[in-house]
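Novice: Letter by letter, the chains look like this.
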Amino acid sequence: DSGVTQTPKHLITATGQRVTLRCSPRSGDLSVYWYQQSLDQGLQFLIQYYNGEERAKGNILERFSAQQFPDLHSELNLSSLELGDSALYFCASSSPPGGAKNIQYFGAGTRLSVL
Amino acid sequence: GQQLNQSPQSMFIQEGEDVSMNCTSSSIFNTWLWYKQDPGEGPVLLIALYKAGELTSNGRLTAQFGITRKDSFLNISASIPSDVGIYFCAGQLRDGGSQGNLIFGKGTKLSVK
Numbered sequence: 001d002s003g004v005t006q007t008p009k010h011l012i013t014a015t016g017q018r019v020t021l022r023c024s025p026r027s028g029d030l031s032v033y034w035y036q037q038s039l040d041q042g043l044q045f046l047i048q049y050y051n052g053e054e055r056a057k058g059n060i061l062e063r064f065s066a067q068q069f070p071d072l073h074s075e076l077n078l079s080s081l082e083l084g085d086s087a088l089y090f091c092a093s094s095s096p097p098g099g100a101k102n103i104q105y106f107g108a109g110t111r112l113s114v115l
Numbered sequence: 001g002q003q004l005n006q007s008p009q010s011m012f013i014q015e016g017e018d019v020s021m022n023c024t025s026s027s028i029f030n031t032w033l034w035y036k037q038d039p040g041e042g043p044v045l046l047i048a049l050y051k052a053g054e055l056t057s058n059g060r061l062t063a064q065f066g067i068t069r070k071d072s073f074l075n076i077s078a079s080i081p082s083d084v085g086i087y088f089c090a091g092q093l094r095d096g097g098s099q100g101n102l103i104f105g106k107g108t109k110l111s112v113k
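Residue numbers (my numbering), protein chains in the order written: chain P, 1 to 115; chain H, 1 to 113.
Everything labelled a hint here was simulated from the structure, so no lab data went into it. Keep in mind the model is a prediction, meaning the values are calculated, not measured. Incorrect hints may appear among the rest.
Each computed BS3-like pair below joins lysine-lysine, with the alpha-carbon atoms no more than 25 Å apart [stated by the list, open to error]: (1) H:K109 x H:K70; (2) H:K70 x P:K57; (3) P:K9 x H:K106; (4) H:K70 x H:K106; (5) P:K57 x H:K106; (6) P:K9 x H:K109; (7) H:K70 x H:K51; (8) H:K51 x H:K106.
So these bits of chain H aren't anywhere near chain P, every CB distance computed over 12 Å [to be verified]: (9) Q3; (10) Q6; (11) I13; (12) D18; (13) S20; (14) Y35; (15) G42; (16) L55; (17) S57; (18) K70; (19) D71; (20) N75; (21) S82; (22) D83; (23) V112.
From the structure, some residues in chain H lie toward chain P, with a derived Cβ separation under 8 Å [what the hints assert, rightly or not]: (24) E41; (25) P43; (26) L45; (27) A48; (28) F88; (29) L102; (30) F104; (31) G105; (32) K106; (33) L110.
All residues carry an ideal CB built from backbone N, CA and C; glycine is no exception.
Required output: the full structure, derived from the provided sequences and hints.
Specialist: Printed below as a string of structure tokens:
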């Protein structure tokens, strides 16, 4: 158990809908990262938050947004969903904002199916 | 954007065999990490490397941070059935422009012969 909790584990929805994925980082970790993993693909970095503020942005679509709350949990919002958004979404957390010893610990992921 | 080239893409192992995989890039990295992902689970950290030339072991796993800081390899000795899964390398860029996010290779899928 990595200590990173993601909910829900599975999500099935229709095109055009909006969903929210939730992540609770490891106790004490200030950074949260979101990744997308499509079938047979590697992990694509979406966005990072550190202590409530956006720190880095990757290949995140404009239809997607995220935030980190004062209790450090984070939510990833996906709107106007398309079939191609079906994927595994992972959250990871780490403590320092990107120092040399930064190690990211991953949650078990949310599997999103858009029908 | 930056890319990591991970090879091989897939390989079949027989119990007891040694396995080797590597990652290369045209960019210089401060950190190399190796993760393993089982089906339906998130990646789990196996080994972390922080210095060029560093060689680190974790049980039957050994990984090295390349001298040029642009590559890393992972060896698994005397493989067992539970080694099956997808192995990812990940690097953190030296220039820090990415503020801590990792760049991942596309993975090496290990299957049983």
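Novice: Each of the hints needs a verdict: does it hold here or not?
Specialist: Here's how the hints hold up against the structure:
no. : hint           : in the structure
1   : H:K109 x H:K70 : holds, 22 Å
2   : H:K70 x P:K57  : holds, 23 Å
3   : P:K9 x H:K106  : holds, 23 Å
4   : H:K70 x H:K106 : holds, 16 Å
5   : P:K57 x H:K106 : holds, 20 Å
6   : P:K9 x H:K109  : holds, 23 Å
7   : H:K70 x H:K51  : holds, 12 Å
8   : H:K51 x H:K106 : holds, 23 Å
9   : Q3             : violated, 10 Å
10  : Q6             : violated, 8 Å
11  : I13            : holds, 19 Å
12  : D18            : holds, 25 Å
13  : S20            : holds, 19 Å
14  : Y35            : violated, 8 Å
15  : G42            : violated, 4 Å
16  : L55            : holds, 18 Å
17  : S57            : holds, 17 Å
18  : K70            : holds, 17 Å
19  : D71            : holds, 17 Å
20  : N75            : holds, 21 Å
21  : S82            : holds, 18 Å
22  : D83            : holds, 19 Å
23  : V112           : holds, 19 Å
24  : E41            : holds, 6 Å
25  : P43            : holds, 5 Å
26  : L45            : holds, 6 Å
27  : A48            : holds, 6 Å
28  : F88            : holds, 7 Å
29  : L102           : holds, 6 Å
30  : F104           : holds, 4 Å
31  : G105           : holds, 6 Å
32  : K106           : holds, 4 Å
33  : L110           : violated, 15 Å
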